[in-house]
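23 is the number of the first residue of the sequence shown in the working numbering; add one for each residue after it.
Rather than coming from a laboratory, the hints here were simulated on the basis of the structure.
Please note: incorrect hints may appear among the correct ones.
To be verified - Straight line, CA to CA, 30 Å or less: simulated DSSO-like cross-link-like pairs of lysine-lysine: (1) Lys207 - Lys150; (2) Lys323 - Lys415; (3) Lys212 - Lys202; (4) Lys300 - Lys288; (5) Lys348 - Lys371; (6) Lys323 - Lys202; (7) Lys291 - Lys323; (8) Lys207 - Lys92; (9) Lys212 - Lys312; (10) Lys112 - Lys88; (11) Lys134 - Lys112; (12) Lys150 - Lys297; (13) Lys291 - Lys269; (14) Lys269 - Lys297; (15) Lys269 - Lys81; (16) Lys251 - Lys348; (17) Lys274 - Lys348; (18) Lys300 - Lys269; (19) Lys92 - Lys274; (20) Lys439 - Lys371; (21) Lys212 - Lys439; (22) Lys297 - Lys251; (23) Lys390 - Lys415; (24) Lys300 - Lys420; (25) Lys312 - Lys325; (26) Lys88 - Lys274; (27) Lys323 - Lys348; (28) Lys92 - Lys251; (29) Lys269 - Lys323; (30) Lys135 - Lys110; (31) Lys138 - Lys150; (32) Lys390 - Lys312; (33) Lys269 - Lys288.
Unchecked claim - Simulated DEER-style distance windows between Cβ atoms: (34) Ala231 - Thr287: 30 to 36 Å; (35) Ser158 - Ala443: 49 to 55 Å; (36) Ser359 - Thr117: 27 to 33 Å.
Quick caveat, the model's predicted, so the values are computed rather than measured.
Glycine is no exception: its CB is placed at the ideal position from the N, C-alpha and C atoms.
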Amino acid sequence: MEKRVMTDSKRRKGLMAASALLGGVLVLSACSGGGDKAGATDGGDSTSQAKVDEAAAKKTSEAQIKITPKDGSDNASINNGTAVTVSKGKLTSVTMQTAAGTAVAGQISADKKSWKPSGQLERATTYKIAAEATDSAGRTAHENASFTTVSPANSFIGNFTPEDGSTVGVGMPVSINFNKAITNKAAVQKGITVSSSSGQEVVGHWFNANRLDFRPENYWTGGSTVTLKLNLDGVEGASGVYGVQQKTVTFKIGRNQVSVVDAQTKTMKVTQDGKVIKTIPISAGAPDHKTYQGQMVISEKFKETRMDGSTVGFTNDDGKGEYDIKDVPHAMRLSNSGTFIHGNYWGAKSIFGAVNTSHGCVGLSDTKGAKDQNTPAAWFYNHSLIGDVVVVKNTGDKTIAPENGLNGWNLDWAAWKSGSAV
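Sequences and hints are given; from them, build the entire structure.
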């Protein structure tokens, strides 16, 4: 029998053929999309896909972070409108900064459920917030937002008097002057409350689109405390113009002092709690420059001030003021139009209590320099508060307009209430 010997070349050819055959089987098996067991095991059916989705879901944190204002907001509040909260988890980190990179301080609550900035934000500024939280399984969630606060052009503020913590007279109204015209008066007035510890009803009155005053029917009760609350943040005062103030102000009402100036008798009787404590000789407006009549409230006090007649329409032919006194002592404003009750050192002492000689003010005897504390003007100045009432009568002139200064007491209660928007 012939012995066959396989050469190396034939052996290599045989191995190559076997390898090609096996390779074809393997490729066919790997690429098969059929329904055999091999294909099912590798995730080709819907049951396997559901298992994949379930496994992916288990890796996602359940913590749900909410950032207010929402991402992309503009005209956002600068006060209490910014917050980060989380449900189904706890906050681990919150950072807030301006677009320029300036960090904003804030604090996560004790229960780690919320975060707020520590102070008021700036207007017309873009802020970015990045928040991180974990759920009960320790899985982390992230949320980011960017928003822009309301601009000065799209916001309004109210400048108010009296000041927080001050003590004022019984005639002092709460007077608010807005820096932009208010067209939605009802919404703005609803955002402001004024109350008194005395229980007096307090009502607001709009003098115009920019000014809103509050007062009770009668003078404030002496010794009471008045509270002003401005809740105007986000209130739309006019189309596209929003409030930004969130503030509480309290002030004290002092003793009840009302002084009555009688231009006919040329005296002023100063009363406290209804009792006359001093009678002072005065000189009111001359016949051609009569003093307004009515209830007036002291709105400013100056130990010395300049009075130039040209600023209130009293001019000579050359346009200069009929008077220009640079050091009027112990002056207290009664109107915006220039009515004061003040010391007079340039007039003869004999005019006080005898002749009305002024350009419309009420003058009291005084000395130059406002240093002599024994003069009638110094005494009255030292015993007067912002908000004290000075009633002027028998001048022969008209009653002062209620909006001229803080003199809304010249409207009766019905007329006052008719100016309320709510």
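Q. Given the hint that Lys390 pairs with Lys415, does the C-alpha gap stay at or below 30 Å?
A. 28 Å, holds
Q. Are Lys300 and Lys288 close enough, with their CA atoms no more than 30 Å apart?
A. Holds - the C-alpha atoms of Lys288 and Lys300 are around 14 Å apart, at most 30 Å.
Q) Taking 30 Å as the top limit, are the C-alpha atoms of Lys269 and Lys297 close enough? A) Violated, at about 38 Å.
Q) Can the restraint linking Lys251 and Lys348 be considered satisfied, given a maximum Cα separation of 30 Å? A) Distance ~40 Å between Lys251 and Lys348 Cα, so the pair is violated.
Q | Restraint status (C-alpha distance of Lys291 to Lys269 at most 30 Å) | A | Outside the cut-off at roughly 39 Å; violated.
Q: Would you mind confirming whether the straight-line C-alpha gap from Lys207 to Lys150 stays at or under 30 Å?
A: 34 Å, violated
Q) If you draw a straight line from the CA of Lys112 to the CA of Lys88, is it 30 Å or shorter? A) Within the cut-off at roughly 12 Å; holds.
Q | Proposed proximity, Lys150 with Lys138 (alpha carbon, max 30 Å) | A | 13 Å, holds
Q) Are Lys269 and Lys81 close enough, with their CA atoms no more than 30 Å apart? A) 46 Å, violated
Q. Is it true that the CA of Lys291 sits at most 30 Å from the CA of Lys323?
A. Between Lys291 and Lys323 the Cα gap is close to 20 Å, so the pair holds against 30 Å.
**Q.** Pair hint outcome, Lys300 versus Lys269 [Cα-Cα no greater than 30 Å]
**A.** Cα-Cα ~40 Å, so violated.
Q) Taking 30 Å as the top limit, are the C-alpha atoms of Lys269 and Lys323 close enough? A) Holds, at about 26 Å.
The structure does not agree with the numbered hints 1, 9, 12, 13, 14, 15, 16, 17, 18, 19, 20, 22, 26, 33, 34 and 36 stated previously, though it agrees with the rest.
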